[in-house]
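Engineer: Spelled out, the chains give:
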Amino acid sequence: MTTAHRRRSYGVKGAPYGFLLPATILFALFFALPIGYAVWLSFHKVHVSGLGLGSGARKEVWAGVENYTDAFTDSELLDGALHVLGYGCIVVPVMLGLALLFALMLDSDRVRLAPFTRLAIFLPYAVPGVVAALLWGFLYLPDVSPFYYVLEKLGLPQPDLLDGGPLYLALSNIAIWGGTGFNMIVIYTSLQAVPAEVYEAAKLDGATPLQIALRIKIPMVAPSLVLTFFFSIIATLQVFSEPTTLKPLTNSVSTTWSPLMKVYRDAFGAGDVYQAAAEAVIIALATLVLSFGFLRGANRRNRQEAAR
Amino acid sequence: MSSLAVHKAPSAAGAAGTARSGPPLRRRIALVPTLTLLLGALYCLLPVAWVVIASTKSGRELFTTFTFLPGTGFTDNLRDLTAYRDGVYWQWMGNSALYAGLGALLSTCVSAFSGYALATYRFRGRETMFNILLAGVLMPPIILAVPQYLLLAKTGLTDSYWSVLLPQILSPYGVYLARIYAAAAVPDDVVEAGRMDGASEWRIFTRIALPMMVPGLVTVFLFQFVAVWNNFLLPYIMLSDDEKFPITLGLFTLLEQGANTPALYTLVITGAFLAVVPLVALFLVVQRFWSLDLLSGAVKS
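If you're matching them up, the sequences are chains A and B in order. If you're matching positions, the first sequence starts at 12 in our numbering and goes up one per residue. If you're matching positions, the second sequence starts at 5 in our numbering and goes up one per residue.
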């Protein structure tokens with residue numbers, strides 16, 4: 012009896028660790044180890060002695076911060092960062108603005124066709140980024156695009172959407188198209204969680220739907236807005252598949268258009284995994300600083316609002 | 005009461021700085037949201053409608069007929085696509101189904117174990133483990149994928165099914181959702197009652213907790229399925245043998261070859277259309293099983 016009891020209580024104590032074992036092993040192998048290896052690589056380089064032939068001719072040696080100083084003075088990486096900054100300044104506000112707008116509209120009284128439109132706007136979430144870029148890429152091509160057809164019939168100028176400034180808009184549009192629905196659902200579900208009595212009081216006071224939306228609904232869903240912002244910033248900095256997919260259709264997307272493309276090119280095109288690792292570490296740190304900086308700023312504002 | 009609202013509306017709209025004019029009658033107020041949503045739906049459906057129609061056109065029709073006019077070549081396109089390199093397209097589809105299906109299933113199991121443990125047990129290091137797992141969400145895929153490739157290369161696993169499957173099993177977001185859901189759906193006293201009856205911890209999990217967690221786990225499965233199906237970067241880095249490509253990577257290589265040969269455009273377009281079908285069908289079938297409130301619950305805490 013006592014042994015059985017002891018065994019059972021031991022089982023309870025060990026159980027959570029047992030349940031967490033698969034996740035722990037996977038985390039160690041596919042998260043911790045690769046990150047540690049990337050950091051290690053970023054401080055090393057290959058030293059080639061002689062002609063570089065023979066087994067001992069290529070040696071990994073300590074490089075200090077050399078790869079990092081190279082990365083910070085690399086104009087391609089800087090250009091990539093600027094591209095993504097411009098792209099992000101369009102994508103994040105427009106996508107989340109639309110998501111909030113649609114969520115508020117879905118939540119308003121007497122709206123028609125809500126289930127259909129909600130599903131339709133959410134649909135692009137099911138379309139892979141590569142396929143989305145491919146679809147829009149074709150819609151940007153003058154030969155097959157309906158937009159150009161219409162512009163031509165109307166005798167209007169036909170801009171090249173895959174070059175210069177319009178390229179930012181073209182790429183942003185793909186991300187906005189793909190991401191609005193998901194964020195709309197996040198905001199909408201948190202709107203649904205607000206009890207109806209909150210609005211009833213405001214309605215009795217004669218508040219208009221617009222006032223209710225601006226003064227009550229938006230502040231109520233502020234936490235989910237902060238969260239969607241946070242994840243959108245992260246996703247935007249990681250943009251890779253959309254510009255990579257558009258690349259075959261235009262010459263204006265270079266192989267280093269976004270920082271991730273640059274890392275890929277350096278690692279596998281140029282074969283310098285050490286330099287690529289340093290760049291990847293910089294991107295990871297920049298992502299953490301930017302996203303957490305945003306979270307801290309948002310939290311501070313919330314606290315000030317609450318204190319008022 | 006409604007007349008009061010109507011009288012107050014113009015000044016409020018003016019104060020808020022919107023340009024919406026005209027008398028905001030009750031009926032019109034419902035019209036604006038409906039029209040806005042319809043415009044949004046139109047924007048989201050437009051490229052999908054385009055690809056559906058474009059996939060019915062023959063190569064010649066694609067460049068000569070009006071975009072939204074259906075063509076006559078769908079069966080020909082389908083045959084050409086199937087014939088392309090001995091049906092490699094369907095191989096890509098099958099691979100995607102394998103990566104996403106098996107990957108999401110394994111991921112859901114790991115998330116269920118971890119989420120259950122984190123939600124129902126009090127043990128040393130619980131919050132630390134949870135926070136470390138969550139930090140995985142913030143890691144850019146590139147800082148993981150490049151060293152993952154180099155490490156897998158040392159074990160000879162690159163360019164294999166494993167190289168795409170294994171790194172995607174642990175989903176920090178899945179663990180997070182499973183924990184939230186387990187905490188809400190599995191009451192502590194039910195677990196305690198199971199213990200009183202002498203059931204083992206494993207038995208309590210499989211027989212009592214797991215059935216209660218099913219709706220949340222369906223959501224975890226779907227999220228992970230979509231994430232794996234849509235992933236491009238990882239297979240792009242890991243694979244070179246196109247027999248193992250998922251559909252995203254396959255279509256990309258098809259586009260790369262087809263960009264300079266308009267004859268291949270119809271293949272790319274038909275391929276893109278068919279690539280969208282499985283996920284959209286999956287969504288339509290399972291949308292009522294989605295517990296989207298889990299999302300808002302996850303958002304709130």
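Do not take every clue at face value.
Each pair of labels, with its calculated beta carbon distance range [stated by the list, open to error]:
hint: 1; chain 1: A; residue 1: S263; chain 2: B; residue 2: R89; range: 28 to 34 Å
hint: 2; chain 1: A; residue 1: P157; chain 2: B; residue 2: P219; range: 20 to 26 Å
hint: 3; chain 1: B; residue 1: G98; chain 2: A; residue 2: Q203; range: 36 to 42 Å
hint: 4; chain 1: A; residue 1: S86; chain 2: B; residue 2: R126; range: 51 to 57 Å
hint: 5; chain 1: B; residue 1: R126; chain 2: A; residue 2: G108; range: 40 to 46 Å
hint: 6; chain 1: A; residue 1: P157; chain 2: B; residue 2: A285; range: 23 to 29 Å
Sample of chain A residues with no beta-carbon within 10 Å of chain B, all distances over it, derived [stated by the list, open to error]:
hint: 7; residue: V76
hint: 8; residue: S86
hint: 9; residue: D154
It is worth saying that the hints were derived from the structure and are not from the lab. Think of the CB as a built atom: it goes at the ideal place given N, C-alpha and C, for glycine as much as any other residue.
Engineer: Hints first: check each against the structure and report whether it holds.
Structural biologist: Here is what the structure says about each hint:
no. : hint                        : result
1   : A/S263 - B/R89: 28 to 34 Å  : holds (30 Å)
2   : A/P157 - B/P219: 20 to 26 Å : violated (42 Å)
3   : B/G98 - A/Q203: 36 to 42 Å  : holds (39 Å)
4   : A/S86 - B/R126: 51 to 57 Å  : holds (54 Å)
5   : B/R126 - A/G108: 40 to 46 Å : holds (43 Å)
6   : A/P157 - B/A285: 23 to 29 Å : holds (26 Å)
7   : V76                         : holds (18 Å)
8   : S86                         : holds (20 Å)
9   : D154                        : violated (6 Å)
Hints 2 and 9 from the earlier list are contradicted by this structure; the remaining hints agree with it.
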